[in-house]
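Residue-level listing of the chains:
There are 2 protein chains.
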Amino acid sequence: MTPNKTATTLADGRELIYFDLGADARQVGHDARSLPPVNTTSQMRWDPLLEEWVMMASHRQERTFLPPTDDCPLCPSGNGRRTEVPADDYDVVVFENRFPSLSTGADLNGAHSNHSLVEVRPAVGRCEVVCFSSDHSRSFADLTPAHARLVIDVWADRTVALSRVDGVEQVFCFESRGEEIGVTLSHPHGQIYAYPFTTPRTSRMFQAAANHRRRTGGDLHTDVIDAERRAGIRVVAENEHWVAFVPAAARWPVEVHFYPRRRVKSIPDLDGAERDALAMIYLDLLARLDRLYDMPLPYIAAWHQGPVEDPDDLGYLHLQLFSIRRAADKLKYLAGSESGMGAFVTDALPEQVARRLREV
Amino acid sequence: MTPNKTATTLADGRELIYFDLGADARQVGHDARSLPPVNTTSQMRWDPLLEEWVMMASHRQERTFLPPTDDCPLCPSGNGRRTEVPADDYDVVVFENRFPSLSTGADLNGAHSNHSLVEVRPAVGRCEVVCFSSDHSRSFADLTPAHARLVIDVWADRTVALSRVDGVEQVFCFESRGEEIGVTLSHPHGQIYAYPFTTPRTSRMFQAAANHRRRTGGDLHTDVIDAERRAGIRVVAENEHWVAFVPAAARWPVEVHFYPRRRVKSIPDLDGAERDALAMIYLDLLARLDRLYDMPLPYIAAWHQGPVEDPDDLGYLHLQLFSIRRAADKLKYLAGSESGMGAFVTDALPEQVARRLREV
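Residue numbers (the numbering used here), protein chains in the order written: chain Z, 133 to 492; chain L, 133 to 492.
Watch out, some of these pointers could steer you wrong.
Since the list gives no way to pick one copy over another, a pair counts as held whenever it fits inside one copy or between any two copies.
[To be verified] With a Cα cut of at most 16 Å, we get these calculated EDC-like pairs of lysine to aspartate or glutamate:
1. Lys462 with Glu312
2. Lys462 with Asp426
3. Lys137 with Asp203
4. Lys397 with Glu311
5. Lys397 with Glu251
6. Lys397 with Asp351
7. Lys462 with Glu311
Quick caveat, the hints were computed from the structure, so don't treat them as lab data.
For reference, chain Z alone in the conformation it holds in the complex (with noise of 0.2 Å):
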């Protein structure tokens, strides 16, 4: 369960880490490069309309955009250019964004609001990047079981790590592919948020979880989980540890959630077993995804995993992967409705959906 680890420093002081699927001990290069300051002047605030906070990253307007594929800030060091790995290979690599949202070290330097009711707070938390693999032109469903299994294992140390750095309140770690929906570097990879609050939507879930054992005396995702298994019709894949549904309720064009049959609440109370069957569900599934328009589907998928802390015992781990992609040439943009008051539409059934998955 403890992956090969190895850790360094990046030039201006960012934490690195390898983890290695082989056992040798790795020899760490070093980061020649002369690199200016991570900025730290990350800010969140109270929006007191929806009572949620906002997180304000100036400095990121300046991030890395779509750079061409032999400029890849991901890809390992060599032939005399010095990315963000000072490696030649790695299997996975985890390393400190260097244009975080959140961090560390944020300091407000004295910026406020000027308004009584919205409280403007440092944007303490760290944001991590985790390379999937050294491969550039690869994505996480061309991996194999044993280098996916080490990506979960990954996950779930950082999760531990990140969830005892002061001030961290939830740990998300997520991918996004696909330009279609804004990503900036198609290097596969995937990124860890650790936020100093509870974010809204495990919060409205947490809510709704605690309605529900008030009325029923039940846990919500279990029965959601024990609902949609009877009903079936919605269910794309399922083996000894995993379920993967199309939710009854699904928002968007593609939608899966994933749950483990035993309850758990986060990444690393996954045993080996259970994350050994995630590593087989999940590549299938982003094949079948791939598959669906037979081309490779921009997606996200985001861990829910509950707050540090959950006293009344509400949180149950699941992976929702889904896809704004509503047809082979149309996207599914947030239109009025969805944006402007979070009522959202969709156009295809999750029956349907479901079937689709399971045929293609």
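For this one, chain Z is given, so just place chain L on it according to the hints.
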């Protein structure tokens, strides 16, 4: 306050209403097209994880998508071509959407979710299209103040009419402009959704307003307006009846909220002077938006009216105008944090955006 209004019926039974600037009676043309009946199988499903309704309208996959200019269905009919508007000219015209997400005749047709926690209901309501001008190449910002005022009167008229429709709980007037945000027709137009539920954003704002009332005895929106006017740094424009500011915790790269100085709950509550003053401040701001990057800015303009019933007196009408353009050549996409967790990260500080909007 009552515009010159002439109602008729399209070939498939949908209602169409002309609103004219002049006082002359209009001769109503006949819609001689042969149209299939409107599909009314829209449903809505209860999402038990977030306790929100999701609308599902699978027939909308077939809706008209970026037709060539000479085939625009929102232009007046003429030269042998029959559009949605059987007239050779109009000022403002409203008609029921041919591909509605919500319909007064919505019928489940036996559809169900097979899931005890996911209720399915017919998506009863109404979706209307509002053409702001017969001139295909114009945009809202190009309207004269009198023409813009007519549109405001139309929103008021439709809000009153749709609030009376059986089952309707909230009326949402909005405009989406720009292919960048998925607008499928470039003719200047907006839409109106009459929902059979209170939308998620409104529910949250009302909850926040109730919390604020309990805590302070005050009205949330009134106190926000006062704080913004006192701070001054985010105010973009102001006149006798309206104030427009970038909210201190703005979520979008460009975001302006417009509030009437007098607290009213809906567009029909605005008096004549307030409507005229709205036309002036809104046209000024729209022109500024287009000067930001010297190009038509894609935007969503969302009118936040309370639900039809507001027993606790929590509503305050306001307009939220926002854009996803974060630079001349860059859009803000909803990335993993926003669409997975509902946690927004912005690149621009509200005070800087307000200063630019005042300067351009």
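Hints and how they fare:
Taking identical chains as interchangeable, the C-alpha atoms of Lys462 and Glu312 lie at most 16 Å apart whether they share a chain (11 Å) or sit on different chains (12 Å). For the homomeric pair Lys462 and Asp426, the shortest alpha-carbon distance inside one copy (14 Å) is at most 16 Å, but the shortest distance between copies (28 Å) is not. For the homomeric pair Lys137 and Asp203, neither the shortest alpha-carbon distance inside one copy (27 Å) nor that between copies (61 Å) is at most 16 Å. For the homomeric pair Lys397 and Glu311, neither the shortest alpha-carbon distance inside one copy (32 Å) nor that between copies (41 Å) is at most 16 Å.
In this assembly of identical chains, the alpha carbons of Lys397 and Glu251 never lie at most 16 Å apart, being 31 Å within a copy and 27 Å across copies at closest. When the C-alpha separation of Lys397 and Asp351 is checked against a cutoff of 16 Å, the pair qualifies only within one copy, where the shortest distance is 13 Å, while the shortest distance between copies is 39 Å. Proximity of Lys462 and Glu311 under a CA criterion of 16 Å is satisfied in both settings, with 14 Å inside one chain copy and 12 Å between copies.
Hints 3, 4 and 5 from the earlier list are contradicted by this structure; the remaining hints agree with it.
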